[in-house]
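So the chains spell out like this:
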Amino acid sequence: MNPESREAFKSYVSARSAALLRTAYMLTGNKPDAEDLLQTALAKTYLAWDSIRDRESVDAYVRRIMLNTRTSWWRRHRHVSEFATDELPERPAGHDEADRIALHDAMWTALADLPKRQRAMVVLRYYEDLSEVETAAALGVSVGTVKSTTARALAKLRDHAGLRDDAIIGAKR
Amino acid sequence: MNTMDDEVRATLHDRANLIAPPLDVFDRVESRAKRMHRNRVAASVTGAVAAVAAVAIVVPTVVSGSGSHHVATTTGAATQQQTQQPTQSAASKYALDPTKPWAYRGDQKAIAPATLAKFRHDWAAKHPGSTLQPLWGDIYEPSQQPEVVFVAKVGDSARWGMVMGAPDGSQFVVDSPLAADTVVLPIVAPGDEVARLLAVSAPDAKAIQYAGDGVTFKDMAQIAPGVAVTPLEGDQAIDRIRVIGVDGRTAYQGAVPDSSIGATPANLLKWPTRGTVPNGLLQEATTAYAKSRQQTAAVVQTNVLYGGIDAAGTQYLLAQAWISGDQAASTVGYLKHVDGTVELQLKAQTAADAVLVVLDVTDSPATPTETLVVVPQPTTGQVLYASSAGAKFVPAPADQYGVFTVARDPMARNDRLQVLDGDGKQTFEGAVASQLCGVSGCG
Numbered sequence: 001m002n003p004e005s006r007e008a009f010k011s012y013v014s015a016r017s018a019a020l021l022r023t024a025y026m027l028t029g030n031k032p033d034a035e036d037l038l039q040t041a042l043a044k045t046y047l048a049w050d051s052i053r054d055r056e057s058v059d060a061y062v063r064r065i066m067l068n069t070r071t072s073w074w075r076r077h078r079h080v081s082e083f084a085t086d087e088l089p090e091r092p093a094g095h096d097e098a099d100r101i102a103l104h105d106a107m108w109t110a111l112a113d114l115p116k117r118q119r120a121m122v123v124l125r126y127y128e129d130l131s132e133v134e135t136a137a138a139l140g141v142s143v144g145t146v147k148s149t150t151a152r153a154l155a156k157l158r159d160h161a162g163l164r165d166d167a168i169i170g171a172k173r
Numbered sequence: 001m002n003t004m005d006d007e008v009r010a011t012l013h014d015r016a017n018l019i020a021p022p023l024d025v026f027d028r029v030e031s032r033a034k035r036m037h038r039n040r041v042a043a044s045v046t047g048a049v050a051a052v053a054a055v056a057i058v059v060p061t062v063v064s065g066s067g068s069h070h071v072a073t074t075t076g077a078a079t080q081q082q083t084q085q086p087t088q089s090a091a092s093k094y095a096l097d098p099t100k101p102w103a104y105r106g107d108q109k110a111i112a113p114a115t116l117a118k119f120r121h122d123w124a125a126k127h128p129g130s131t132l133q134p135l136w137g138d139i140y141e142p143s144q145q146p147e148v149v150f151v152a153k154v155g156d157s158a159r160w161g162m163v164m165g166a167p168d169g170s171q172f173v174v175d176s177p178l179a180a181d182t183v184v185l186p187i188v189a190p191g192d193e194v195a196r197l198l199a200v201s202a203p204d205a206k207a208i209q210y211a212g213d214g215v216t217f218k219d220m221a222q223i224a225p226g227v228a229v230t231p232l233e234g235d236q237a238i239d240r241i242r243v244i245g246v247d248g249r250t251a252y253q254g255a256v257p258d259s260s261i262g263a264t265p266a267n268l269l270k271w272p273t274r275g276t277v278p279n280g281l282l283q284e285a286t287t288a289y290a291k292s293r294q295q296t297a298a299v300v301q302t303n304v305l306y307g308g309i310d311a312a313g314t315q316y317l318l319a320q321a322w323i324s325g326d327q328a329a330s331t332v333g334y335l336k337h338v339d340g341t342v343e344l345q346l347k348a349q350t351a352a353d354a355v356l357v358v359l360d361v362t363d364s365p366a367t368p369t370e371t372l373v374v375v376p377q378p379t380t381g382q383v384l385y386a387s388s389a390g391a392k393f394v395p396a397p398a399d400q401y402g403v404f405t406v407a408r409d410p411m412a413r414n415d416r417l418q419v420l421d422g423d424g425k426q427t428f429e430g431a432v433a434s435q436l437c438g439v440s441g442c443g
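Chains as they are written, first to last, in my numbering: chain A, 1 to 173; chain B, 1 to 443.
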């Protein structure tokens, strides 16, 4: 990589690594794995940097690598629990806020229980705010599969203990 | 937009906002990228090949066997051919003689006295009376562990292999018979990103070449005289390796070992470890399994599938276990009850494409029910249980790892399990009894 490319890549990492780490965290469920996943994806991007002509599409490129790498890790890293979760900082909370946090904790647990593909679709649709077409492209599946799989994921979340409609409505009151 | 959509979105963003921005990302990424690059192109080549004239006669045939690589010999004319059969050529000068092995090449740190002593100890535990002789060694950068290719006389025959250091002992990645007139020891070893093809030949071989497409040979990167490495990125159905003698003629040409069986048994389940393995339980299980195979724990390798503890306090784990060099792994259950009694369940071997593995946890003979711990493929959506042939399937409860439990009547007959994937498609239905088969039969 020549100095100019290196600086461009460095700028990209500086600008986008925080957001990309969050996406990695959504996919892995814990920060150490998320950092590892992001570094791996960015390292692969580094090696391919000069061949990426459309710099507007780098985020999509990195995201696709993360999705693929995540799948391959899942096959190879058998020592890592699939959805290990780490401790997050304590957050001060009032009564309503405590309900909301409890609901989100339950939701997070339920998301962790989703099969890998369902979880990836939920992350892309509801965190990345990708359209169904964009999600299908990112995962290499049909739009119909995105629709049906996402619907099944949401149904599964609804059935999860602690996430019945009344719990959600109660927390929103 | 409905309430559930809103809450999913809010939860994800709420969680994401708690993640602190990463530090020093660029430096770490650049370092990792350079390491990947080195591994891919093996750019850090050291040493050069000493060129010594030679005329060869005999060439070995590489036969990929499940779990190990065997090198057999064929004798024939000195011609080169682009077929799936190894090529014959002049080569006996390059052949490995176990009584007068090739000189050691590589990093001396890989055979530091304590390291070599440990490798030899673990090898002798596997093959009593045998001493391994190192041929090449290195400290593998990603793991910072030594790896050594060796040959050893075992009684009247000889074996060769590759051993890697590991925190819990020596890992014999290859342990195979050495055929007469072996010219090259090809090893598919774990890599940082992709598997590596490592080839150890005679120190005076001119070059070792690899053809990912089976036809277009390129020099592998030499890392020591007669030792070369390349990332294994070709089509493994057709890729080939060859050794070029100092006269420029092909001394050996043959297939590359199948990477899927390079380091592990063919039936290894590529599932993540789930649950929690209680402290010390794996070591106990490993020792018990080794004893059942009349081996030492040092040569046992495991692939833990699930570990947990039930309401009565019984600790258990479900794993695949094998002795280094085995072609297939055994499926093993290990239970430790609260009264200290232990139970090793040697189960029927599990196929690599198995949908589920089941462990029978019974706390005591007086317990009215036994617990079936059903560890399914990670993509599983639901496991259902029918208590008899005519009973309706009902969903079994799952824990956070996607492992299901069934309270089963010990007297149950014809009860069945059904597995649905994440999309609700059935992937398995069968009798519980068929999942409780032991090495000596089903019940």
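Heads up, some of the hints might be wrong.
As the list claims (entries may be wrong) - Across the chosen pairs, the derived CB separations fall in these ranges:
| no. | chain 1 | residue 1 | chain 2 | residue 2 | range |
| --- | --- | --- | --- | --- | --- |
| 1 | A | A19 | B | I139 | 47 to 55 angstroms |
| 2 | B | D399 | A | K10 | 28 to 36 angstroms |
| 3 | B | A311 | A | V133 | 34 to 42 angstroms |
| 4 | B | E429 | A | K147 | 44 to 52 angstroms |
| 5 | A | D54 | B | A348 | 32 to 40 angstroms |
| 6 | A | K147 | B | A266 | 34 to 42 angstroms |
| 7 | B | L18 | A | S14 | 20 to 28 angstroms |
| 8 | A | G144 | B | H121 | 37 to 45 angstroms |
| 9 | B | A266 | A | E56 | 24 to 32 angstroms |
| 10 | A | G144 | B | A112 | 57 to 65 angstroms |
| 11 | A | E56 | B | A311 | 49 to 57 angstroms |
Think of the hints as simulated: they come from the structure by calculation, not from any bench.
Where a beta carbon is used, it is the ideal one built from N, C-alpha and C, also for glycine.
Checklist entry - Of the numbered hints stated previously, which ones are contradicted by the structure, given in increasing order? => result Of the numbered hints, 1, 2, 3, 4, 5, 8 and 9 do not hold.
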